[in-house]
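S.K.: Read left to right, the sequence shown gives residues 285 to 585 (the working numbering).
Source of the hints: derived by calculation from the structure; they are not laboratory data. Treat each hint with caution, since some may be false.
Claimed, not checked - Pairs of lysine to any residue, SDA-like flavour, derived with a Cα cap of 25 Å:
hint, residue 1, residue 2
1, K533, P550
2, K533, F431
3, K408, D580
4, K408, G378
5, K408, C302
6, K533, E499
7, K533, P446
8, K408, R306
9, K533, F398
10, K533, E470
To be verified - With beta-carbon atoms standing in for the labels, derived distance ranges:
hint, residue 1, residue 2, range
11, G504, D361, 48 to 54 Å
12, G313, R289, 15 to 21 Å
13, P443, A403, 17 to 23 Å
14, G313, Q490, 39 to 45 Å
Glycine included, each C-beta is placed from N, C-alpha and C at the ideal position.
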Amino acid sequence: MNPLRLDSFDVFVAIVRCGGFRAAALERGVSSSALSQTMNALEEALGIRLLNRTTRSVFPTEAGQRLLERLAPALGDIRLAIAEVDELRDSPSGTLRINAPAPAVDHFLCPLVFDFMDAYQEVKIEIISDAAVIDIVEQGFDAGVRFGKQLAQDMIALPLGPALRYAIVASPDYIGRWGQPQTPHELVDHDCIRRRFPGGTLVTWQFDEAGEEIEVTPTGRLTVSSAHNELQAALAGRGIAHVLDDYAKPHIQTGRLVELLLDWSPTLPHWFLYYPSRRLPSAAMRAFLDYMRNYDWQART
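Generate the whole structure from the sequences, applying the supplied hints.
M.R.: Below is the structure:
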């Protein structure tokens with residue numbers, strides 16, 4: 285048997301987790317051919333095939349699956365040991381990987397991370413913008429960001445930023461041509477800009493006035509998949525948009541957008557940054573959590 289390299293096993297786990305060589309190569313900042321060579325050497329050293337490769341997908345063989353089930357916890361223990369050694373350094377180091385929806389990245393995570401990186405210059409951070417609900421442990425993330433109702437029970441969660449509010453907005457041009465609704469019920473007579481989640485579900489619009497809760501499924505000619513595109517369409521006069529007020533506020537202040545149904549706009553829960561309760565956070569992660577707990581959001585705004 286040829287000598288085995290520990291990093292070869294880490295490469296194997298990354299390829300399976302990412303679903304292929306190209307995605308794993310992008311994550312690790314190397315070429316697909318380099319990962320392929322590493323896997324070939326590992327399979328040759330073990331004398332057994334670990335991956336089934338097709339033109340469209342990569343998935344573990346039975347031997348590969350058995351090895352994977354053993355490797356994942358073992359590699360986790362190795363990372364934990366490295367993190368414990370890192371405690372002896374003067375300052376935290378290493379890489380933090382965080383998965384978060386685009387709105388949370390734009391308005392909360394990026395400002396926090398930028399300031400944190402000034403304070404901890406030996407820590408690297410990778411932010412993946414993704415609205416899908418995933419298993420952050422399985423996907424190799426240190427933390428994720430979601431609404432509270434989307435969190436698994438075995439996670440520790442901390443509020444990220446202040447409470448949220450959605451704004452219903454339209455351009456003065458649209459209002460001049462079509463008028464403006466006075467109640468949420470009147471939205472059915474307007475061209476609303478709809479947004480669809482990655483899983484295919486349309487975003488519904490929530491309203492509240494004096495305890496009365498109303499849910500509206502918007503109707504309109506245009507459907508998009510991101511808040512940026514929804515805002516862009518509203519600025520172009522294509523209809524009424526439903527976006528977080530952090531997106532709309534600068535354009536409301538300049539008069540390019542007008543906020544509608546203000547008295548019906550509910551306050552929403554915070555975003556939450558969450559991480560596994562059963563895993564000891566690394567020194568870099570603990571530094572990030574402490575920094576976030578003491579972050580002055582009002583001053584940043």
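S.K.: Now look at each hint and say whether the structure bears it out.
M.R.: Tested hints:
1. With a C-alpha separation of about 16 Å, the suggested pairing of K533 with P550 holds against the 25 Å cut-off.
2. Simply put, K533 and F431 have alpha-carbon atoms about 22 Å apart, close enough for the 25 Å limit, and the pair holds.
3. Of the supplied pair hints, the one linking K408 and D580 holds, its CA atoms being roughly 22 Å apart against a limit of 25 Å.
4. For the given pair, K408 sits about 6 Å from G378 by alpha-carbon distance, which is consistent with the 25 Å threshold.
5. Restraint check: the Cα-Cα separation between K408 and C302 comes to about 20 Å, which is no more than 25 Å; the hinted pair holds.
6. Of the supplied pair hints, the one linking K533 and E499 holds, its CA atoms being roughly 23 Å apart against a limit of 25 Å.
7. Pair hint K533 plus P446 holds up; C-alpha atoms about 15 Å apart against a cutoff of 25 Å.
8. Restraint check for K408 and R306: satisfied, since their Cα atoms lie roughly 22 Å apart, inside the 25 Å limit.
9. The straight-line distance between the Cα atoms of K533 and F398 is roughly 22 Å, inside the 25 Å bound, and the hint therefore holds.
10. Between K533 and E470 the alpha-carbon distance is near 23 Å, which keeps this suggested pair within the 25 Å criterion.
11. A beta carbon spacing of about 52 Å between G504 and D361 agrees with the range 48 to 54 Å that was offered as a hint.
12. Distance hint check: the CB atoms of G313 and R289 are about 18 Å apart, consistent with the given range 15 to 21 Å.
13. Remark: the range hint 17 to 23 Å for P443 to A403 is upheld by a beta-carbon distance near 20 Å.
14. Distance hint check: the CB atoms of G313 and Q490 are about 41 Å apart, consistent with the given range 39 to 45 Å.
This entry satisfies every hint, going by the numbered hints stated previously.
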